[in-house]
Amino acid sequence: MSANQDDANLLEVRGLTKTFGTLTACDHIDLNVAKGEIHALLGENGAGKSTLVKMLFGTLEPNSGEIVWNGQAVTITNPGFAKNLGIGMVFQHFSLFEALTAAENIALSLDDGSPISTIAAKARALSYSYGLPLDPQSLVGDLSVGERQRIEIIRCLLQTPQLIILDEPTSVLTPQEADKLFETLERLRSEGKSILYISHRLEEVKRICDRATVLRHGKVVGHCNPRKETAASLARMMVGTDVQAVVRAPAQGIETAQPLLEIRALSRKPATPFSIPLRDINLAVRAGEVIGIAGVAGNGQGEFFESVSGEVQQQDAASVRIRGKDAGGLSITGRRLMGAAFVPEERLGHGAAPRMKLSENLLLSRHATDGKVFVGAGGMVKSDAIYAAAQRIIKAMDVRKSTPDPEAAALSGGNLQKFIVGRELDRRPSVMVVNQPTWGVDAGAAAHIRQTLIELARSGSAVLVISQDLDELFEISDAIAVMHNGELSKPLPIAEATFEKIGLLMGGAEPGHAEHALETS
Amino acid sequence: MMRLELVKRPQRSMLFSALSPFIAFVLTMIAGAILFALLGVNPLKAFQIYFIEPVSQVWQLHELAIKAAPLILIGVGLSVCYRANIWNIGAEGQFILGGIVGSSIPVLFPQFEGPLVLPLMLLFGMIGGAAYAAIPALLKTRFNTNEILTSLMLVYVAQLFLDWLVRGPWRDPKGFNFPQTIQFNDSAILPELMPASGRANWGFVFALVAAVLVWILMSRMLKGFEVRVLGSSPRAGRFAGFGINRMVFFAFMLSGALAGLAGISEVSGAIGQLQPVISPGYGFAAIIVAFLGRLNPLGIVAAGLVLALTYLGGEAVQSALGISDKVARVFQGMLLFFVLGCDTLIHYRIRLIGFAAPKLESAPKLEEAR
Chain F
1 MSANQDDANL LEVRGLTKTF GTLTACDHID LNVAKGEIHA LLGENGAGKS
51 TLVKMLFGTL EPNSGEIVWN GQAVTITNPG FAKNLGIGMV FQHFSLFEAL
101 TAAENIALSL DDGSPISTIA AKARALSYSY GLPLDPQSLV GDLSVGERQR
151 IEIIRCLLQT PQLIILDEPT SVLTPQEADK LFETLERLRS EGKSILYISH
201 RLEEVKRICD RATVLRHGKV VGHCNPRKET AASLARMMVG TDVQAVVRAP
251 AQGIETAQPL LEIRALSRKP ATPFSIPLRD INLAVRAGEV IGIAGVAGNG
301 QGEFFESVSG EVQQQDAASV RIRGKDAGGL SITGRRLMGA AFVPEERLGH
351 GAAPRMKLSE NLLLSRHATD GKVFVGAGGM VKSDAIYAAA QRIIKAMDVR
401 KSTPDPEAAA LSGGNLQKFI VGRELDRRPS VMVVNQPTWG VDAGAAAHIR
451 QTLIELARSG SAVLVISQDL DELFEISDAI AVMHNGELSK PLPIAEATFE
501 KIGLLMGGAE PGHAEHALET S
Chain Y
522 MMRLELVKRP QRSMLFSALS PFIAFVLTMI AGAILFALLG VNPLKAFQIY
572 FIEPVSQVWQ LHELAIKAAP LILIGVGLSV CYRANIWNIG AEGQFILGGI
622 VGSSIPVLFP QFEGPLVLPL MLLFGMIGGA AYAAIPALLK TRFNTNEILT
672 SLMLVYVAQL FLDWLVRGPW RDPKGFNFPQ TIQFNDSAIL PELMPASGRA
722 NWGFVFALVA AVLVWILMSR MLKGFEVRVL GSSPRAGRFA GFGINRMVFF
772 AFMLSGALAG LAGISEVSGA IGQLQPVISP GYGFAAIIVA FLGRLNPLGI
822 VAAGLVLALT YLGGEAVQSA LGISDKVARV FQGMLLFFVL GCDTLIHYRI
872 RLIGFAAPKL ESAPKLEEAR
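Taken in order, these protein sequences are the chains called F and Y. Numbering-wise (the working numbering), the first sequence opens with residue 1 and increments by one. Numbering-wise (the working numbering), the second sequence opens with residue 522 and increments by one.
Chain F extracted, bound-state conformation:
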C-alpha cells in the first residue's frame, strides 16, 4: 500500500471496475502484489473475487481502471496474453480431459509443439522438485482430485509464471494434502514468485499469507496482515458484521430413536468409465440426529446422493429404507411422498432451473408432495399459491433479491441456496439429505443454513449432510462418516472425531475402518 513499495510491486491494480448491467461486480478495486509474497484475496461469495481474477487473467474485460505489470500499464485481452506476461492460474474447477494422460493434458495447454515425451520428462522433474509427485503417463480419469490439482499446478509452473493465481485450492484437498500444498507454495515464495491466493478459509490464510486484501460487495474494504488478525476479525471484515455462531443443542434420546433413513448394503456399478462405484454402503440416520459424510470430492458422493434421492433407482428395494419402509425401487417423487427431501450439490441446473422464477422453482421439487395446494383441476398450476408459498420461504430464510420473484440465476449463490434449502424445510420433511449445503455460500448465509439443519434434526427429523468442508461437518454433525473410493466408513461420534482421524480416513488410510460393522458399541 505504501508508496515506497511501488518499485517492488509485481502487479498493481488501480481503480479496476467491472459492471454487468446494473450490477457493479468490481468497484474501483486497488490491489498491489509484491514480488515474492503470498497475497490473500479474501471475500465472501459474490464479493467480486472471481470477477477481479478473471480480469487479471484476460477472460473478462474491465470497464475502467488499469492494470500495471512490472511498472508498465497493460491491457490483458485474453488468457494467452496473460500467460505470456507471466500470469498463471489454477482454477477451482479443473479443465482436464479425463480420457487423456497427465502429460497430454499439459501438452494441450502449452501449445508450443514440443514432443509429449519432452513435456512428460519436464513435468516429472518439476513435480518431484516441488514435492508434488506426479506420473505424467497416468490417465487423468484414474487420478484423485488432489492429483488432478497437481497437474493444473505443474501445467501452470511449466509456463514459468511470475504470478500464480490459485482459486480456492484447498477446497478439494484432505487436511494432509493441503499441508503438502502449503509447503509447495512456501517454496515458490522463497524462489521469488508471487502468489495470489483466493480463499474464504481464514485459518489457512492466517497460516501462509503475508498480506491480505479484503473485498466486500465489489469494493476493497481493507488491506491487512492476516497474521496479526484473528479469524473473527477477518470474518468481520469480510462479512461486515459479526457472524452468528452456530449452536448445536445436545441431541437427546438418540440411542433409542427410530432410524428414519437406512442404507443397507447399497452398491452401484459405475455408470461411466470415470465414475465411482458404490461398494456395500451401510448407514442409519435416526430421528433427531445429523450425520455428516466427509470425503474428498469425487469419491462417490455424487453417486451416493443420486442413489439415495432416487434419481437413480436400486434393484434391491431394501437397500434404501425411509421411515421403516423399502424405498429403493421408488423414484425421487415416490421417496418425497414418503417424507424425504433432497438438496443436491449443484444449485443452478440441478437444484434449480436457472432461467425460471423462484416460484416456478418451488414447484420443481414440490409439485407432487404439495399437489393439492399447488396444482388444481386438470393440471392447471395455481400460480397464486406457489407465489405466496415462495414469498413465505423467501421471508423465512431471509433470501435477498432485487425483484419480488426473480429468476433463480439472478440470485447470488448464497441466497439461492437459502431458497433451495428453505423450499425443502418448508415441507417439514422427516428425512433430509443435503449434498454440500453451503458450498460457495457466504458466511452469514452458511451459518443460517447450518443452524436450520440442526434445528430440523432436533425437531425429530433425520438429517444427512454430505460435505467436503470439514469445519462445517464438525460444527453440525453428531457423527461423521467418511466416504473414500465408493466406500463409507463407520460413523465416528463427534466426541471421538478429530481432524487428524477424519483426514486420514479421507486419504484412504486405515482400511480397517472401511469394514462395515453395522452394530455400534
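Worth flagging that the hints you see were computed from the coordinates, not collected in a lab. Since the structure is predicted, the reported quantities are computational estimates derived from the model, not experimental observations. The reader is advised that the hints may include incorrect statements.
To be verified - One side of the interface only, derived from the structure: several residues of chain F facing chain Y at Cβ under 10 Å:
#1 G351
#2 M356
#3 V375
#4 G379
We put the CB at the ideal spot given by N, CA and C, even for glycine.
Take the given structure of chain F and dock chain Y to it, following the hints.
Just chain Y, lined up with the frame of chain F:
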C-alpha cells in the same frame, strides 16, 4: 490473418429479443430486393406483386387462411418439441401419415356417410400422425438414436408410401390411371367456413384453437412446466421427478397428432382426395414458423400467416413476372437464416481477432450505451 469469434454477451437485450423477428423480416426484404434486382425485375414492383396483391381481396384472404392453417397447426406442435429440446424435423412425414390414415375411411368405405365420418377421419388423422411420430421417439428412448436423423428420414418413407398407395392399392379404378384415390364423398369433406366469400375451411379454426390450447398448456399447466424444465435444464427436470423418456414420447406424439390433424384437414378440406403429393413442404416450413413465432403459440399464428404469404407470393410472381415459384423457398430460407442470425447476435457479439502483438496500455474504453 484475422478470425471471427463469438463472445457471449453477459446480458441479452430484452428489447432486441422482442424485435428480432421484425428485424429478420426487414433483412429478408432487403435481401429479397437485391435478389429481384439481380433477376432483372424492379424490386418495388415485385414486392407489390409478392406481398400486397395476394392479400388485396377477400377471397385471397381465404387462400391465405388455407395455407396458414397447416403451418400454424404443425408449428404449434413443433414448438412444444423444441421447447423440450427435442428436435422433431419430421413433421412433413407425420402430416402425410395423418392424411393417409384419416383418408382410409372415405377411401376404403366410400359408402359410409353421415355426421360421424368427418370426426372419425380427423381422429384417425391425429392417431396416424402421433403413431408415426412415436417411431423416432421409440428409437431415441430405446436405442439413443438421434431424432433429427430418424424423424427426417421417415419423411421420405412417408412420401414414398403415399406415392405407392395412390399408384397401387388405393388408385381410383375409374380414374383413367391417374395416380389418385377416388373423390371423397360429401360427408368426408371438411366444410368451408364462409362459402359465400371464399373457400377457407375449418382447418383454420382448428389451428387457432390448437394455438390457444397449447398456449394454455405451456404457460398455465404442470405439463407445460415439465416441458420447459426438461428443455432448459434436464438435470433439474430429473431432480423434479420428471421422466425424460416420457417427455420424448409426449412431445413427439403431441406434435405428430397436430401435424396429422393438419394433414387430414388439408386432404379433406383443400384437396378432396389423396394425390402423390399433398404438401408443398408445410412440415418443413412450419419449422421456420415455429422459430419466427419465438416458439410461442400465439406468435406462431402470426408467423404462420407470414409464411403462408410467401407461398401465395411465390405463385403470384410466377404468373405475373415469369419468375420460378421456387423463389418462395428462397424467401423462406432467408427468413429462417435471418431469424437464427438475429437470435445468435442477441446472445453473442462478434469479435475480430487479429494476430497482432500484445497491445500495451490503451485508454479504458468508453462505456457502450448502457
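message: A closest beta-carbon separation below 10 Å is what the hint needs, so does M356 (chain F) meet it against chain Y?
response: With a closest approach of 7 Å, the M356 (chain F) hint holds.
message: Would the hint on G379 (chain F) be counted as holding, given a Cβ-Cβ threshold of 10 Å to chain Y?
response: Constraint on G379 (chain F) satisfied, holds at 5 Å.
query: Going by Cβ atoms only, is G351 (chain F) closer than 10 Å to chain Y?
result: Nearest chain Y Cβ about 7 Å off; hint holds.
task: Mind checking the CB of V375 (chain F) against every CB in chain Y and telling me if the closest is under 10 Å?
output: It holds, given that the least Cβ distance between V375 (chain F) and chain Y is near 5 Å, below 10 Å.
Every hint, counting from the list given before, is met by this structure.
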